[in-house]
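Listed in order, the protein sequences are those of chains A and X. Heads up, my numbering is the position in the first sequence plus 12, with the first residue counted as 1. Heads up, my numbering is the position in the second sequence plus 135, with the first residue counted as 1.
If you're looking for bench data, these hints aren't it; they were derived computationally from the structure. Treat the hints with care, since some could be wrong.
[Stated by the list, open to error] Reference listing, derived: stretches of chain X covered by chain A, where coverage requires no fewer than 3 residues with Cβ under 8 Å from a Cβ of chain A:
(1) 176–185
(2) 231–241
[Said to hold, decoys possible] With a straight-line Cα cutoff of 27 Å, these simulated DSS-like cross-link-like pairs (lysine-lysine) come out:
(3) Lys163(X) to Lys16(A)
(4) Lys238(X) to Lys17(A)
(5) Lys117(A) to Lys203(X)
(6) Lys228(A) to Lys200(X)
(7) Lys170(A) to Lys163(X)
(8) Lys16(A) to Lys200(X)
(9) Lys207(X) to Lys17(A)
(10) Lys207(X) to Lys163(X)
(11) Lys188(X) to Lys17(A)
(12) Lys163(A) to Lys163(X)
(13) Lys238(X) to Lys170(A)
(14) Lys228(A) to Lys122(A)
(15) Lys226(A) to Lys170(A)
(16) Lys16(A) to Lys160(X)
(17) Lys16(A) to Lys122(A)
(18) Lys155(X) to Lys72(A)
(19) Lys155(X) to Lys197(A)
(20) Lys117(A) to Lys72(A)
(21) Lys16(A) to Lys42(A)
(22) Lys203(X) to Lys163(A)
(23) Lys197(A) to Lys228(A)
(24) Lys207(X) to Lys16(A)
(25) Lys72(A) to Lys62(A)
(26) Lys163(A) to Lys238(X)
(27) Lys16(A) to Lys62(A)
(28) Lys163(A) to Lys197(A)
(29) Lys200(X) to Lys197(A)
(30) Lys170(A) to Lys155(X)
(31) Lys122(A) to Lys72(A)
(32) Lys117(A) to Lys62(A)
(33) Lys163(X) to Lys197(A)
(34) Lys200(X) to Lys163(A)
(35) Lys170(A) to Lys200(X)
(36) Lys226(A) to Lys163(X)
(37) Lys226(A) to Lys42(A)
[What the hints assert, rightly or not] From the derived model, a few chain X residues whose C-beta atoms are all more than 12 Å from chain A:
(38) Ala204
(39) Arg213
(40) Tyr214
Even for Gly, the Cβ is constructed at its ideal location relative to N, Cα and C.
Each chain is listed here by its residues.
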Amino acid sequence: METKKVEVIQDIHAENERIAREINADYNRKGIFAVNVMGCPGAGKTSVLKQIIARLPGVKTYVIEGDIESDLDTRTMQALGIETVQINTGGACHLDSPMIAGALKNIELKEPGILFIENIGNLVCPAEFEIGEHIKLLISSVTEGCDKPYKYPLAFEKADIIILNKSDLKPYVDFDDAFFSSGVKGLNPGVPVFEVSSKTGQGFDAVVNWLEEKRK
Amino acid sequence: MHEYPVTQEIVRIAEESARKYNAVKITKITLVVGELAGFIGESISMYFEIIAKGTMAEGAALEIKPVKAQLKCDRCDRYFDRPRYSFTCPVCGENGRPTEIGKEFYVENIEIIT
């Protein structure tokens, strides 16, 4: 009997990332552009998706809805005629690759297009897990306050595009644009930030143009 | 909740490595956890005891090495701890950029009995 120390150096996310790469390769074969939609509860993730999808009439869109409980958002999307499947995590605070692999068994990605994956409402954990996406779209809103980049840096650092929602409410809340912007720039210098209002639809044409350009 | 599945993965990785060396038991696992990795050491330790039961790692010690997050200054190339509510280099005042230091999350080594 002998005791010894052996080196391992194995990333704990390696298995999740291996599955993410497989999922991503499958999307590429099928011509699917996958968007990981992140944001805190109430940031307006579903409302933003409705506005974006309404501006993509010629594009096949699919949605995976992630929630701890309920299928309210799935029913909203299905009522609009969008092919949607629900993942209920039953408590887990983020989606991971095995969950996406499971959900993809319930939705057939027949035509090329865009798959929006609405992550669990949470500004922390979703940023830590790859789910096979092409881009991460972060939704923040003026009602959350301008200090969020400083308090939840990873989500802002990892985002490929940031949408600042509820801009129509700016006159009613103390949102310091300069403080927000310098936080975003410090963490993620080149990231585009689009101000929108899901209530009025303002600003979404630019978001859709960016997305269409990005998926080419 | 968040730490439970990653702790299962830690035990799985440790057992897989131990088997490569034909070990009979794992006596210690050393983890490296950056402060931006998003996982709490105490929480991993709590789940570890439960999850390790009945595995090769039952009763093993778990050492968690924390790593403080560092920014890197664009101008003077220095690494520095991120100040609160800013990204400013304490030496030259330029904005620092996030680095990979502080995002580590891996099993560094295991101690085994063969």
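Point to revise | Earlier hints that do not hold, by number | key: 1, 5, 6, 7, 9, 10, 12, 17, 18, 19, 21, 24, 27, 29, 30, 33, 36 and 38
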